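Asks: Now for the letters of each chain:
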Amino acid sequence: MSKYLEKFEGLYRKLPKPIRKIFNWGRSFSIWPIHYVTGCCSPEFMQVCGPRYDMERWGILPMASTRQSDAIFFVGNVTRKMMIRAIRLYEQMPEPRYVVNIGVCTISKGPFYDSYSVVKVEDYLPVDVYISGCPPKPEAILHGALTLRKKILGEKVGLVRREIKK
Amino acid sequence: MVSLEEKLKSEFGDAILEFKIPKDNRIVVKVSPDRIVDVAYYLKNEGFDMPISAGAVDYMKNNVFEVFWIIWSSDKNIVLILKTDISRENPTIQSLVEVWRGVQKFERETWEMFGIDFKGHPKLKRLLLPEDWDYEKEGYPLRKDFSLKPYTVEK
Amino acid sequence: MGIMTIEEVKELEGGLMRVRIGPQHPISGQGTIVVTTDGEIVYDVEVDIGYSHRGIEKILENRRWLQGIIPMERMVMLDTSHVAMAYVRAIEELLGIEAPPRAQYIRTIVLEMNRIISHTYALGLLAESTAWNPAVFLWTTADREPFLDLMEMLTGARWSYSFIVPGGVRADLPHGFREKAKEAIKFFRDRLDTYMDAWIDNFLFEIRTRKVGVIPRDKAIEWGAAGPSLRASGVAYDTRKNEPYAAYEELDFKIVTEKDCDSYARGAVRVKEMYVSLDIIEQALDNMPEGPVKKTVPQNVPRGEVYARVESARGELGVYVVSDGRDKPYRVKISAPSFRNIFLIEMLPKIEEIRFADIPPIFYSLDPWFLDADR
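For the record, the sequence lines run as chains A, B and C.
Going by this note's numbering, the first residue of the first sequence is number 1314, and it counts up by one from there.
Going by this note's numbering, the first residue of the second sequence is number 1320, and it counts up by one from there.
Going by this note's numbering, the first residue of the third sequence is number 98, and it counts up by one from there.
Think of the hints as simulated: they come from the structure by calculation, not from any bench.
Result set (DSSO-like, lysine-lysine): computed pairs, CA atoms no more than 27 Å apart in a straight line:
| no. | chain 1 | residue 1 | chain 2 | residue 2 |
| --- | --- | --- | --- | --- |
| 1 | A | Lys-1450 | C | Lys-277 |
| 2 | C | Lys-425 | B | Lys-1342 |
| 3 | A | Lys-1422 | A | Lys-1450 |
| 4 | C | Lys-351 | C | Lys-316 |
| 5 | B | Lys-1444 | C | Lys-316 |
| 6 | C | Lys-356 | B | Lys-1363 |
| 7 | B | Lys-1380 | B | Lys-1468 |
| 8 | C | Lys-425 | B | Lys-1402 |
| 9 | B | Lys-1363 | B | Lys-1349 |
Given the structure is predicted, the values throughout are model-derived calculations rather than measurements.
All chains should be modelled from the sequences, with the hints used to inform the complete structure.
Replies: See below:
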């Protein structure tokens, strides 16, 4: 099975540019994250899913199962006990996959900077987009999601192999 | 509540170390640790029936842990704080689970954070800390000799 | 949606299975329920929390009194001003001062708006777990917006205000706040009538929640339930009447209780409490006195120990503060309402027969907010 994957990856690199652009365009307009609200930024994330700051018109549909999702949004502070399960969720996702940090607690522990139980996400997983705020306003979360879309549109390779650090 | 103080002192004598009424509907009672269960049953019969909270305070200078339980009475509308002192080197005390069922979860958390052993508790299992927390290397979190410096994010 | 992801299923002896409804599930928060069942009847339930434990009690020993309001507020994001009010009430009792009357009325308005913001969330979850999604959940998400806009107009932030401080509140009401608040109240009253007609008085909701998860009155007191879960079992316990704070002594309102003790009663109590909250906000806006809104307080708090409590949306929230005369607290013990309510489901299989499909309506009618329970 893995030799087919390698063959596909090699083929994808050799595809002409317009066809690669079409694949990227299709992927970027429908980012499906796992609904994974861990901390106090979660009410703000729910307001973004609501009718006023509608997230679904941008193609972002939360609440999917792990085997069918594209991204994992860490909404709020992540503790040591939860990080073990989060790594397992990350391993269950198929490639290509992205990680988005929402809130200042995931970037640098925020107001709990000397807590014995909160950890920084970038010590464990590779991160793509950082959105800061405590909690960030809904317009800021949408701006972050659209930055992810810009990143996907500009990608040169299809399958990105990333290693988990711990 | 003069009558409650007289009743307690006449029944238990020297075991009641302190009895204070700081405000309208608050009572603070300090008891010696060997008669704590009898005092608790007596208070339950007097009408104090709903447990609100339980925990401990670490007084490192005097070398004691002060364990407290907070109970409310539904017909008199009074909050009572029941306290007792135990030693810091070998902290054990009788659990009050038989008297009020609701204190089970609070005593479990106090065991986890301070290391106080409650005798007679049905389920002393880890609740809030992660599973790979090692008490030998890292210590008990809420004691006063547990420092937060290794966990602080440097600027 | 409304379906929980099952993470692992193990075989035990006697044909019983242990099902772990794991920490990543689409309804709310992170917490695990481990259910021992034979496929239909539930024999044992165990609750596994601690996935959002941040150690707030230890952090507060390292912060000055005014700085400590920031981690305290983030303990529960839905009704942040109640947690701040409990801490501030304890500090003011130790200092022996009282806030000026205009500040008390402004505090009442902020607290009651927070109660509405929080109850809409609880009802949205209850609806989602009894398969009324996504309609009622999205209704409640949209109906919260006028109140969030009002809070942003008053304090500058939508969820975490840092507005209630020892000595009063930080700022006075801006121009145009009173008219906008009255518009929002009128809008929300019509919406509440819609909820009662379309959802609470509906046969389909009743059939899923009547006589399910009955907690009798004496058991609710013995196990230590709190808040609307206690009031739905007939106990008239409300800290706003037992120990009044802010401006509640001068306002006129009733406590809502129900007699049925089941999940339906717990949902109905929350909707009726929102009607009461709207009345309180209107009375406070009409009768507000004039005067200053803040007093200066000293940095060091004198020695003592005090237990202060408020009635948050989930129940009674109490803070036991021990101070030794410095500018930082010595010990803070927070008694969280969700911590008391979540463990009620562990006791239920012992007194009545529960089926596996009844677990979502029971669990989400108790309003579990795991961030609150883990502190």
